[in-house]
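Asks: Protein sequences, first through last, are from chains A and B.
Residues in the first sequence are numbered consecutively from 1, following this note's numbering.
Residues in the second sequence are numbered consecutively from 1001, following this note's numbering.
Hints listed in this document are in silico derivations from the structure and should not be mistaken for laboratory results.
Only a predicted model underlies this, so the values are computations on that prediction, with no experimental measurement involved.
In this text, a Cβ means the ideal position worked out from N, Cα and C, and glycines have one as well.
One should not assume that every hint holds.
Here are some of the chain B residues that sit facing chain A, going by a computed Cβ distance under 8 Å [as the list claims (entries may be wrong)]:
| no. | residue |
| --- | --- |
| 1 | P1008 |
| 2 | P1011 |
| 3 | D1014 |
| 4 | R1028 |
| 5 | H1040 |
| 6 | F1042 |
| 7 | R1045 |
| 8 | A1047 |
| 9 | L1062 |
| 10 | A1076 |
| 11 | K1085 |
| 12 | T1095 |
| 13 | L1134 |
Here are the computed lysine to aspartate or glutamate pairs in the EDC-like style, where the Cα-Cα straight-line distance is at most 16 Å [said to hold, decoys possible]:
| no. | chain 1 | residue 1 | chain 2 | residue 2 |
| --- | --- | --- | --- | --- |
| 14 | B | K1105 | B | D1127 |
| 15 | A | K118 | B | D1087 |
| 16 | B | K1105 | B | D1136 |
| 17 | A | K105 | A | D127 |
| 18 | A | K85 | B | E1026 |
| 19 | B | K1118 | A | D87 |
| 20 | A | K105 | A | D124 |
| 21 | B | K1085 | A | E26 |
Over 12 Å on every C-beta distance to chain A, these chain B residues come out as not near it, computed from the model [what the hints assert, rightly or not]:
| no. | residue |
| --- | --- |
| 22 | A1018 |
| 23 | D1104 |
| 24 | G1106 |
Number of protein chains: 2
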Amino acid sequence: MNAKPPDPIRPADDAARALARRLISEARTGALAVLAGPEHPFVSRVAVGALSGRPLILVSRLSQHTTALTIRPACALLLGEPGPKGDPLTHPRLTLQGRVEAVDKGPHRDLWLAHHPKAAVYFDFADFIMFRILPDAVFLNAGFGQAYTVSPADLAGA
Amino acid sequence: MNAKPPDPIRPADDAARALARRLISEARTGALAVLAGPEHPFVSRVAVGALSGRPLILVSRLSQHTTALTIRPACALLLGEPGPKGDPLTHPRLTLQGRVEAVDKGPHRDLWLAHHPKAAVYFDFADFIMFRILPDAVFLNAGFGQAYTVSPADLAGA
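Bound-form chain A, shown alone (with noise of 0.2 Å):
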């Protein structure tokens, strides 16, 4: 039996916070993991609109992802997309493990427009909905063996 290595996930310190705030204040998309089943994970690009650590998804009825969420409100979102250039794991990334809530996506549309122009097309489509995702765990990879806790309550006015 071989001893547990020591846990390679750190807390984080103030530059880790304030990169996992640009992270989720500059993301658009994003892949989010839902369960398609009980033991059934299933993962997909989303829309996000995202001013704090709890943010904004607008997808559609007819999804897989929604049809999962209506079931099992869990979730987890993945944000920070590797630019064309690099090692594409060296680029830093977030993912928010929670759950979401549904939302009225009334109040949200200048906001969502504000990040998405194109969307004004199909937003006030009956069958687009809005969920707000909400955090239990915050994980940030800053890079190659660069991981980080950040706790949700630290992102809540990002």
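Take the given structure of chain A and dock chain B to it, following the hints.
Replies: For chain B alone, kept in the frame of chain A given last:
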């Protein structure tokens, strides 16, 4: 009660299959959804080497995704990064849904380093291990409102 709308996901045609194969062959990273617990999805970025519809991933034993996969092999992998321009939701992407099997990384060394030259630094580290993703279901989103199911068998030789 409203009637359920017709299923918006169509079976793939030749163009959809060709696009799915291209997304697989071009993928260098993906967003991997795993189960951190029985009802607890997690998502993170992983390096991908995909010559076929059963892609390889190289991951560290120190990472959360590897811990999860070791306990629960169910997963889903999103391939197809949005480019820097245009509406990210119009960029095509592919979800492979299934499970992983552990594979010996040694025989895949040359292939992996051809895809990921910078991985030469850590490929041989003992904590890096390889899995193959065995999809049970494949979904292509070719752009807004263009969703297809693809047969995993149709991608076997991609």
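Asks: Taking the hints in turn, state whether each one holds.
Replies: Tested hints:
no.	hint	verdict
1	P1008	holds (5 Å)
2	P1011	violated (15 Å)
3	D1014	violated (23 Å)
4	R1028	holds (6 Å)
5	H1040	holds (6 Å)
6	F1042	holds (5 Å)
7	R1045	holds (5 Å)
8	A1047	holds (6 Å)
9	L1062	holds (5 Å)
10	A1076	holds (4 Å)
11	K1085	violated (11 Å)
12	T1095	holds (6 Å)
13	L1134	violated (14 Å)
14	B:K1105 to B:D1127	holds (12 Å)
15	A:K118 to B:D1087	holds (7 Å)
16	B:K1105 to B:D1136	violated (23 Å)
17	A:K105 to A:D127	holds (12 Å)
18	A:K85 to B:E1026	holds (14 Å)
19	B:K1118 to A:D87	holds (7 Å)
20	A:K105 to A:D124	holds (9 Å)
21	B:K1085 to A:E26	holds (14 Å)
22	A1018	holds (20 Å)
23	D1104	holds (20 Å)
24	G1106	holds (21 Å)
Hints 2, 3, 11, 13 and 16 from the earlier list are contradicted by this structure; the remaining hints agree with it.
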